[in-house]
Amino acid sequence: MNDLSIPGTQSTPAIAADTNAGVLRMSGESYPENAYELFAPVFEWVEAFLAETDRPLLIELELLYLNTSSIKTVMDVFDLLESAHQRQRDVAVRWYFDQQNERIGELAEEFREDCTFPFHVIGK
Amino acid sequence: MNANELYALRERLLESRTLLCFNGPISRSLIEEFGNALKRYLELDQVKPAEAMDVFSVYIEMTQNIRHYTQSRAYSDADSAATVVISREDGHYVVSAGNLVENTDGLGLVERIQALAALDKAELRALYKTQLRLPRDPARPESAGLGLIEIARRASAPLQASLGAPIGERAFFSLSVVI
Numbered sequence: 005m006n007d008l009s010i011p012g013t014q015s016t017p018a019i020a021a022d023t024n025a026g027v028l029r030m031s032g033e034s035y036p037e038n039a040y041e042l043f044a045p046v047f048e049w050v051e052a053f054l055a056e057t058d059r060p061l062l063i064e065l066e067l068l069y070l071n072t073s074s075i076k077t078v079m080d081v082f083d084l085l086e087s088a089h090q091r092q093r094d095v096a097v098r099w100y101f102d103q104q105n106e107r108i109g110e111l112a113e114e115f116r117e118d119c120t121f122p123f124h125v126i127g128k
Numbered sequence: 050m051n052a053n054e055l056y057a058l059r060e061r062l063l064e065s066r067t068l069l070c071f072n073g074p075i076s077r078s079l080i081e082e083f084g085n086a087l088k089r090y091l092e093l094d095q096v097k098p099a100e101a102m103d104v105f106s107v108y109i110e111m112t113q114n115i116r117h118y119t120q121s122r123a124y125s126d127a128d129s130a131a132t133v134v135i136s137r138e139d140g141h142y143v144v145s146a147g148n149l150v151e152n153t154d155g156l157g158l159v160e161r162i163q164a165l166a167a168l169d170k171a172e173l174r175a176l177y178k179t180q181l182r183l184p185r186d187p188a189r190p191e192s193a194g195l196g197l198i199e200i201a202r203r204a205s206a207p208l209q210a211s212l213g214a215p216i217g218e219r220a221f222f223s224l225s226v227v228i
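Chains as they are written, first to last, in this note's numbering: chain R, 5 to 128; chain P, 50 to 228.
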């Protein structure tokens, strides 16, 4: 499986997936019209990593704003982690946010409520 | 438009403390560019980051809804024109947007928005959570069905939607949101 390295734009986050390290990072704003399409490679990478390796997976996020299309897609990715966690896989999310803007912290908390794997919301 | 008419329009926009006003077909890049301008105006106004994000989020959801709708109905450029106004009233930002819709769609939309407007924040949150967990519509996988709920959650007053008098099979739909 390949690493991912997708540069960010004004409305899409920078995406980097490192297969050796078992880390997926996404940072920036995310409000594409069709997030389903944008995140398809991310979804596929996470699926492949969980299927083809048995190593821990860490997702590090520094997403500053998400439209609802992106929110739905990020939830799909977390669902993959949730079912992997049910199978005893070592998975975790770290979501960093700027404490000046409580909205993104609230959003991350709402995601966290639906997940039972380690999910850290970290204000900076 | 002659000078007097233009001046009258300008005065009208100044009076209603308009930050941003647009009428015409909207593209993906136009939404981004106006979004950037909006962010800058909000910064200049020294709006708190959370409130600025509420305004921006409502603007994005509303304009992307219009884009998705006019594309799904395969409207011409002229028919897919959006009217977008962001202004300030009584200490609140107000985001308003309107576009042509099929009459029957418009009636359904107004009904759905009125139902959302009657919910309190806790009910909206519960509805949002339920919708987030629903499987995607295979016909429209890009749609999360969350946009209007998100807009209602960011509003500080009940949403106001209306449908103008029918123009043939269509009518002008408008939604106004107080942040």
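Check the hints yourself; a few may be wrong.
Computed footprint of chain P on chain R, listed as stretches where at least three residues anywhere in the stretch have a Cβ under 8 Å from a Cβ of chain P [stated by the list, open to error]: (1) 66 to 76; (2) 88 to 100; (3) 120 to 127.
As a list, the in silico DSSO-like pairs of lysine-lysine whose alpha-carbon atoms are at most 27 Å apart [to be verified]: (4) P/K88 / R/K128; (5) R/K128 / P/K97; (6) P/K170 / P/K88; (7) P/K170 / P/K97.
By construction, these hints were calculated from the structure, which means they are not laboratory data.
Think of the CB as a built atom: it goes at the ideal place given N, C-alpha and C, for glycine as much as any other residue.
TODO: Three residues minimum, CB to CB under 8 Å: does the segment 88 to 100 of chain R make the cut for coverage by chain P? Let me know.
DONE: violated (count 0)
Task: P/K88 paired with R/K128 [C-alpha distance capped at 27 Å] - done: Answer holds: P/K88 to R/K128 is near 22 Å, not above 27 Å.
Open item on the list: Run the distance test for R/K128 versus P/K97: straight-line Cα separation, threshold 27 Å.
Closed with: Within the cut-off at roughly 17 Å; holds.
- [ ] State whether the coverage of the segment 120 to 127 of chain R by chain P holds or is violated, taking the criterion as 3 or more residues with Cβ-Cβ distances under 8 Å.
- [x] This one is violated; 0 residues, fewer than the three required, reach chain P with a Cβ under 8 Å.
Open item on the list: Count the residues of the segment 66 to 76 of chain R whose Cβ falls closer than 8 Å to any Cβ of chain P, and tell me whether that reaches three.
Closed with: Since 6 is at least three, the answer is holds.
Task: Hint consistency between P/K170 and P/K97 [alpha-carbon to alpha-carbon, up to 27 Å] - done: 21 Å, holds
Open item on the list: Run the distance test for P/K170 versus P/K88: straight-line Cα separation, threshold 27 Å.
Closed with: Answer holds: P/K170 to P/K88 is near 26 Å, not above 27 Å.
Of the numbered hints given earlier, the model fails hints 2 and 3; all others are met.
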